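Sequence lines, in order, name chains E and D. Here the first sequence stands for residues 53 to 338, numbered as in my numbering. Here the second sequence stands for residues 44 to 333, numbered as in my numbering.
Any given hint could turn out to be false.
As the list claims (entries may be wrong) - One side only, chain D facing chain E, incomplete, derived with CB under 8 Å:
| hint | residue |
| --- | --- |
| 1 | 169 |
| 2 | 170 |
| 3 | 171 |
| 4 | 223 |
| 5 | 267 |
| 6 | 272 |
| 7 | 297 |
| 8 | 302 |
I should point out that these hints are in silico values taken from the structure, not numbers from a laboratory. Computed from a prediction, not measured in an experiment: that's the story for all the values here. Think of the CB as a built atom: it goes at the ideal place given N, C-alpha and C, for glycine as much as any other residue.
The chain contents come next:
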Amino acid sequence: MFAHNNTLCNYVEMAIGAAAMAKHFLPETSVSLVTDESSMSKIPSAKMAQIEELFEHIILKEIDWNSDKENIKVYKDTGYHQEKAEWHNTTRKSVYDLTPYDETVMIDTDYLIQSKCMDLVWGSEEDFRINKDINYLNNTKTHDDQFLNPFSIPLYWATVVYFRKTERTRLLFDLIAHIQENYQYYKYMYKFKGDLYRNDFSFSIAIHMLAGFLENKEFNSLPFQYLASPDRDDLIQVKENELKLLVGIPSESWSFTLINVNGTDIHIMNKFSIGRHLDKILELYL
Amino acid sequence: MSRGYITLAQNSGDTNYLEMAYALALSLKMTQSEVFNLTVVVTPGQKILDKYKPIFDHIIEVPDEDSDANETWKLKNKFKYLHISHYDETVVLDADMLFFQDVSHWWDIMAQQDMWFCTNPLNYKGNPIVGNYYRKVFEKNNLPDIYTAFMYFKKTQMSYEVFHMVEMITHNWTKFEFEFLSAERPKHFSGDVAFALALRLTGHEYEVINNNLQIPKFIHMKSRIQGWPHPIELTAEDWTRYTTPTFTPDLECKIGGYKIVDPLHYHVKGFLTKEIVKYYEKAHFYAENT
């Protein structure tokens, strides 16, 4: 798990919650944390014990403060509240060198595990697996969720990425680093919108390039569906093996549907809402 | 057995089909290992630039009366290919096409039949085209869904029958359309429809289509079959308005980030810029002189 705090989000605390859930449902899986000194320095000593209990390795990787100054993300808490902050998401390109494992699942700290599905990935024949299809709780997938632009290549989601250390995956991560370093060029080439650096885009372009600039037949999806709740939704209750969410409708910001997510892993993009339930997550799963 | 490609390049209005055929001929020479000859068919008296002449295998003026003399979209001379072609085996191409990889191995496969039509064009992502927007006449009249933009024929009795029927259909288009295309009538004369109808009427349609093989194939750049999101696919035929193609001096083309490897039927005439033609000329010059 990669966790670099910013002025809005305590990603390390979120990682503690996500790791607690992961260890609960996948007790034989080791979890390591990649973070930075600044983020670690803000962790209260009471939390350090939790970190040491949950994470096998704490790996420090400094973030590029200068480049990240321009990487401003809008954090939404449903349709009613939003704030901006620097997004430190540029260290993942180094995961190949940083990981202490032969087989690794790189996972967002807001991806909450409630099942044993992730265990299916270990020992995969493929050396790299990543999901292409996203499934929102209210089934409102658009072209922007599927392609870099409507006329361009498919979008892969770097929320959960499995890889085994091979020459090919080393090449892939080298390529991702190259794309990140030349992001404006690739933005022009692939004509995607937004000024924010997105790992999803870098991974998608690298996959496309490694497939010979053709439709990808090289890399398969993970052995489970990628379920996500966008930041217009609100996580309102956490119970054992169950998350209760108010799911928004894009065209009607006032309208929500109550949905329970049982025994299924899910990417909760509303980080504020996870923060509101971290204590409960730790109470249930730690 | 001689083999070669042939295309019609009758300039019309502002459209310089001859220049497109010239680029096509250069692309064949730069990519094909075995069959790279292109015969071009032009309007009688059409001016041919000196630089074009050595690139084409043969330059042939449309024989007999130009069946398309009064048309801006020149399609009605297609039935003459059988008589025009110098080759024992011929592949008919549209002039607005380019080749990027060697397809010479297709010839031995196509030679198993007297005629062979493309039935499975692709979009630029290399996937089967989406929808039937341009093919409603075929679907509603239950005609074989063939594309003459890539059509193979040998000079045999069967192909003579088919071409002769296409000639009759071309000369009597209104009658044939009234009689046989009542379910959905085409707005204009269509070479594809004429050949499809000829195959139906001669009873040869099942001898010229082989859906088990994915060849021959080409990338069909008509905007409404690319699988683009609604309503973009309905707004314009000019696909270059939506996804800018890139073309490098080493003759590599990308559309929407996708590398083009199969024959490209670019359809939009503005795609072939002077710069691209120069890339081909330079590459051909170096290939000839090194």
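Cross-check of the supplied hints:
1. 169: With Cβ-Cβ at 5 Å, under 8 Å, it holds.
2. 170: This interface hint holds because 6 Å falls under the 8 Å limit.
3. 171: For residue 171(D), the interface hint is violated, since the closest Cβ of chain E sits about 11 Å away, which is over 8 Å.
4. 223: For residue 223(D), the interface hint is violated, since the closest Cβ of chain E sits about 38 Å away, which is over 8 Å.
5. 267: violated, 13 Å
6. 272: holds, 4 Å
7. 297: Holds - the Cβ of residue 297(D) comes within 8 Å of chain E, reaching about 6 Å at its closest.
8. 302: Check passed: Cβ of residue 302(D) comes within 3 Å of chain E, closer than 8 Å.
Consistency with the previously given hints fails for numbers 3, 4 and 5, ordered from lowest to highest.
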